[in-house]
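Number of protein chains: 2
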Amino acid sequence: MPSLEHAWILVMAGGSGTRFWPLSRASRPKQMLPLAGGPPLLRRTVDRARPLVPPSRTLVFTAAGLAPAVRRMLPEIPPGNVLGEPVGRNTAPCVGVAAGLARARDPRAVMAVLPADHVISDERAFRADLSRALRLAAREPWLVTLGVRPTGPATGYGYIETGPPLPVDRRARRVRRFIEKPSLARARRFLAARRFLWNAGIFAWGAETILGAIRACHPTLGRRLDALDRARWAPAAIARAYPAFPSISIDYAVLEKAPQVAVLPVRFEWDDVGTWDAIPAHHPADRCGNVCVGDAVAEDARENLLVAEKGGLVAALGVKGLVVVHTPDATLVCPRGRTQEIRKIVETLRSRGDACRL
Amino acid sequence: MPSLEHAWILVMAGGSGTRFWPLSRASRPKQMLPLAGGPPLLRRTVDRARPLVPPSRTLVFTAAGLAPAVRRMLPEIPPGNVLGEPVGRNTAPCVGVAAGLARARDPRAVMAVLPADHVISDERAFRADLSRALRLAAREPWLVTLGVRPTGPATGYGYIETGPPLPVDRRARRVRRFIEKPSLARARRFLAARRFLWNAGIFAWGAETILGAIRACHPTLGRRLDALDRARWAPAAIARAYPAFPSISIDYAVLEKAPQVAVLPVRFEWDDVGTWDAIPAHHPADRCGNVCVGDAVAEDARENLLVAEKGGLVAALGVKGLVVVHTPDATLVCPRGRTQEIRKIVETLRSRGDACRL
Numbered sequence: 247m248p249s250l251e252h253a254w255i256l257v258m259a260g261g262s263g264t265r266f267w268p269l270s271r272a273s274r275p276k277q278m279l280p281l282a283g284g285p286p287l288l289r290r291t292v293d294r295a296r297p298l299v300p301p302s303r304t305l306v307f308t309a310a311g312l313a314p315a316v317r318r319m320l321p322e323i324p325p326g327n328v329l330g331e332p333v334g335r336n337t338a339p340c341v342g343v344a345a346g347l348a349r350a351r352d353p354r355a356v357m358a359v360l361p362a363d364h365v366i367s368d369e370r371a372f373r374a375d376l377s378r379a380l381r382l383a384a385r386e387p388w389l390v391t392l393g394v395r396p397t398g399p400a401t402g403y404g405y406i407e408t409g410p411p412l413p414v415d416r417r418a419r420r421v422r423r424f425i426e427k428p429s430l431a432r433a434r435r436f437l438a439a440r441r442f443l444w445n446a447g448i449f450a451w452g453a454e455t456i457l458g459a460i461r462a463c464h465p466t467l468g469r470r471l472d473a474l475d476r477a478r479w480a481p482a483a484i485a486r487a488y489p490a491f492p493s494i495s496i497d498y499a500v501l502e503k504a505p506q507v508a509v510l511p512v513r514f515e516w517d518d519v520g521t522w523d524a525i526p527a528h529h530p531a532d533r534c535g536n537v538c539v540g541d542a543v544a545e546d547a548r549e550n551l552l553v554a555e556k557g558g559l560v561a562a563l564g565v566k567g568l569v570v571v572h573t574p575d576a577t578l579v580c581p582r583g584r585t586q587e588i589r590k591i592v593e594t595l596r597s598r599g600d601a602c603r604l
Numbered sequence: 247m248p249s250l251e252h253a254w255i256l257v258m259a260g261g262s263g264t265r266f267w268p269l270s271r272a273s274r275p276k277q278m279l280p281l282a283g284g285p286p287l288l289r290r291t292v293d294r295a296r297p298l299v300p301p302s303r304t305l306v307f308t309a310a311g312l313a314p315a316v317r318r319m320l321p322e323i324p325p326g327n328v329l330g331e332p333v334g335r336n337t338a339p340c341v342g343v344a345a346g347l348a349r350a351r352d353p354r355a356v357m358a359v360l361p362a363d364h365v366i367s368d369e370r371a372f373r374a375d376l377s378r379a380l381r382l383a384a385r386e387p388w389l390v391t392l393g394v395r396p397t398g399p400a401t402g403y404g405y406i407e408t409g410p411p412l413p414v415d416r417r418a419r420r421v422r423r424f425i426e427k428p429s430l431a432r433a434r435r436f437l438a439a440r441r442f443l444w445n446a447g448i449f450a451w452g453a454e455t456i457l458g459a460i461r462a463c464h465p466t467l468g469r470r471l472d473a474l475d476r477a478r479w480a481p482a483a484i485a486r487a488y489p490a491f492p493s494i495s496i497d498y499a500v501l502e503k504a505p506q507v508a509v510l511p512v513r514f515e516w517d518d519v520g521t522w523d524a525i526p527a528h529h530p531a532d533r534c535g536n537v538c539v540g541d542a543v544a545e546d547a548r549e550n551l552l553v554a555e556k557g558g559l560v561a562a563l564g565v566k567g568l569v570v571v572h573t574p575d576a577t578l579v580c581p582r583g584r585t586q587e588i589r590k591i592v593e594t595l596r597s598r599g600d601a602c603r604l
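Top line first, the protein sequences correspond to chains U and S.
Residue numbers for the first sequence follow the working numbering, beginning at 247 and rising by one.
Residue numbers for the second sequence follow the working numbering, beginning at 247 and rising by one.
Keep in mind that the hints are not guaranteed to be accurate.
Pairs count within a copy or across copies, as identical chains cannot be separated in the list.
[What the hints assert, rightly or not] Here are the simulated DMTMM-like cross-link-like pairs (lysine to aspartate or glutamate), alpha carbons at most 25 Å apart as the crow flies:
(1) Lys503 with Asp523
(2) Lys590 with Asp546
(3) Lys427 with Asp523
(4) Lys590 with Asp518
(5) Lys590 with Asp532
(6) Lys590 with Glu407
(7) Lys590 with Glu515
(8) Lys590 with Glu545
(9) Lys427 with Asp293
(10) Lys556 with Asp293
(11) Lys427 with Asp517
(12) Lys503 with Glu251
(13) Lys590 with Asp600
(14) Lys503 with Asp472
Since the hints were derived computationally from the structure, they do not count as laboratory data.
Start from the sequences, fold in the hints, and give me the full structure.
Laid out in structure tokens, this is it:
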């Protein structure tokens with residue numbers, strides 16, 4: 247088995263953070279918040295991978311405006327390894343640029359791609375699976391995605407239909423197809439069929455492999471990356487290139503089209519913490535089922551999620567099943583189960599030009 | 247009819263403000279808040295009586311800590327007319343001291359007593375009724391209370407059973423008895439009987455009359471007031487006397503016992519704005535029945551009261567019939583109809599020593 251001496255980590259921390267409004271803002275998106283208790287999600291993501299890959303081979307991509315805050319949060323990462331994207335262009339350009347940067351320093355680089363805003367509690371199991379995926383990607387030119395065994399018919403995730411096992415690692419399987427967020431009926435069939443996995447958005451591949459796949463599957467992006475390669479991946483050239491990149495996900499640009507895509511079913515519990523509704527699972531509840539993140543007083547109140555920013559307080563009296571989030575300049579109240587609709591509030595604020603609350 | 251040249255106003259602004267928590271605090275109780283839109287309730291109370299009585303004959307009693315803020319809010323009132331009580335002692339000592347101060351300047355003084363935190367929209371009708379009560383009190387030694395025609399079987403008010411009309415003013419009636427907050431069944435009987443009025447807590451009496459009644463009905467308080475009279479109502483003597491005053495309401499100390507108590511049924515609409523539930527009546531609602539005081543965004547939300555302090559915002563999504571109050575350091579959420587229970591929250595904060603939020 248090859249060691250991980252050529253392994254790199256790309257942490258994608260580009261989230262804009264509307265789904266956790268009012269706690270999350272453009273200047274402090276989800277990955278900067280301690281939503282699962284303890285340190286912020288980005289800090290935990292970097293710490294989780296740290297035993298596998300040193301800071302010198304860890305790249306973090308974020309919005310340009312957030313780069314200073316990210317560098318402060320991750321002081322051990324060389325400042326040049328934190329890239330501020332001048333404009334958001336989804337994940338494909340970010341993956342391509344990161345792969346180019348890694349390959350420029352090590353032609354044999356293999357890279358794990360980690361979203362900065364997921365919660366994975368069993369860190370040992372995570373590292374075992376991730377290093378297995380990296381070793382697979384180092385040995386053969388597979389694009390490896392990590393697949394999570396579904397625990398219910400979720401309609402908010404992408405699904406992967408698995409095919410036959412790979413000879414090089416019999417736990418990994420060829421990907422038959424990707425299915426974007428399915429209907430509930432379809433998600434139920436996937437669950438019953440047992441050969442579908444959730445796409446965790448965590449990948450491993452050789453830098454050369456993914457760059458070749460981009461060139462083959464999305465020639466426009468491939469050409470722009472080749473031009474950057476000729477510019478030796480100079481930071482100024484990258485910044486200049488960003489606005490002209492297509493805005494497209496690596497899943498859609500490459501994975502759904504590439505011939506050699508594999509999935510490694512993982513053994514750790516995974517939560518992408520997509521909305522406020524995902525938060526209670528990561529915090530203890532009081533005896534009435536209230537989950538309090540920050541300071542709260544609950545009086546004859548049940549099964550609420552009460553969130554107060556440091557220095558603030560939420561007082562809930564006689565209410566049930568609500569999400570209440572207090573920040574100094576805004577409060578959100580909504581029933582549990584409807585927090586995915588918060589974007590409507592954010593859109594209203596945007597349409598009235600309420601920049602200070604976005 | 248005697249004129250109002252001997253008329254005085256006592257505005258009682260001693261409320262501690264727990265019922266409108268978190269907007270109301272010890273340092274900014276209900277009467278200092280613009281709860282009915284426009285100026286704060288205290289400012290409106292003083293303005294409402296202004297055409298009847300000049301500032302030089304208007305006294306305002308409040309907590310000592312609030313006196314500077316009250317003087318700033320009422321710059322036309324001579325600073326010496328704003329009395330800061332070193333400790334709260336309910337209404338009887340306040341009424342007695344104010345009567346003594348007025349009588350010391352005018353032996354024929356008659357005084358109207360106005361709570362600082364009520365809402366009365368029809369100011370002309372209010373002044374017509376109040377001047378009628380003052381004239382009655384100037385002619386004969388009645389203790390006159392203003393009575394409001396009940397509009398429902400409220401259990402939160404005191405009731406007055408009316409007796410025969412007074413010869414001196416046939417609209418006014420002798421008070422047969424006071425009934426404190428009744429049960430719902432009893433309140434319904436009162437409503438059906440049609441001879442019961444709500445006690446508005448607004449009074450008119452001669453200064454000499456009320457001082458004599460206090461002496462007769464509550465000799466302990468009477469003696470302490472006599473001592474202050476000998477000290478010529480010097481501010482320092484008043485301040486020293488306060489801690490030793492009994493803490494008792496003028497209703498309980500005097501009105502329920504005195505022989506010559508009358509009630510004038512009033513013709514204005516009156517609201518003591520006792521809880522958050524009283525607020526929607528004084529503000530326009532949107533087409534979904536939401537009442538917003540301050541900045542709010544409502545999305546698929548109905549019949550909520552959404553209150554945000556200046557600079558703050560309440561966002562309500564998918565909720566119905568709630569009261570949501572945002573301040574920079576605390577948010578309250580509770581169903582409409584249960585806001586009288588807010589004191590439980592305040593007690594919890596008090597028991598944990600959360601002084602900055604009280």
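Structure-based check of each hint:
Proximity of Lys503 to Asp523 under the C-alpha cut-off of 25 Å is found in neither arrangement, the shortest distances being 33 Å within a copy and 60 Å between copies. Only between protomers do Lys590 and Asp546 lie at most 25 Å apart by alpha-carbon distance; the minimum there is 10 Å, versus 30 Å within a single protomer. Taking the closest pair of Cα atoms, Lys427 and Asp523 come within 25 Å of each other only inside a single copy of the chain (18 Å); across copies the shortest separation is 44 Å, beyond that limit. Proximity of Lys590 and Asp518 under a CA criterion of 25 Å is satisfied intra-copy only: 21 Å inside one chain copy versus 38 Å between copies.
Taking the shortest alpha-carbon separations for Lys590 and Asp532, only the inter-copy value of 18 Å comes in at or below 25 Å, while the best intra-copy value is 31 Å. Taking CA atoms no more than 25 Å apart as the test, Lys590 paired with Glu407 passes in neither setting, with 33 Å inside one copy and 55 Å between copies. Taking the shortest alpha-carbon separations for Lys590 and Glu515, neither the intra-copy value of 30 Å nor the inter-copy value of 41 Å comes in at or below 25 Å. Taking identical chains as interchangeable, the C-alpha atoms of Lys590 and Glu545 lie at most 25 Å apart only when they sit on different chains, with a minimum of 8 Å there against 30 Å within one chain.
In this assembly of identical chains, Lys427 and Asp293 lie within 25 Å of each other by CA distance neither inside one copy nor across copies; the values are 30 Å within and 62 Å between. For the homomeric pair Lys556 and Asp293, the shortest alpha-carbon distance inside one copy (24 Å) is at most 25 Å, but the shortest distance between copies (41 Å) is not. When the C-alpha separation of Lys427 and Asp517 is checked against a cutoff of 25 Å, the pair qualifies only within one copy, where the shortest distance is 16 Å, while the shortest distance between copies is 54 Å. Neither within a single protomer nor between protomers do Lys503 and Glu251 lie at most 25 Å apart by alpha-carbon distance, with minima of 30 Å and 94 Å respectively.
For the identical chains of this complex, Lys590 and Asp600 are intra-copy neighbours only, at 14 Å inside a copy versus 35 Å across copies, given an alpha-carbon limit of 25 Å. In this assembly of identical chains, the alpha carbons of Lys503 and Asp472 lie at most 25 Å apart only when taken from the same copy (20 Å versus 97 Å across copies).
This entry does not satisfy hints 1, 6, 7, 9, 12, going by the numbered hints stated previously.
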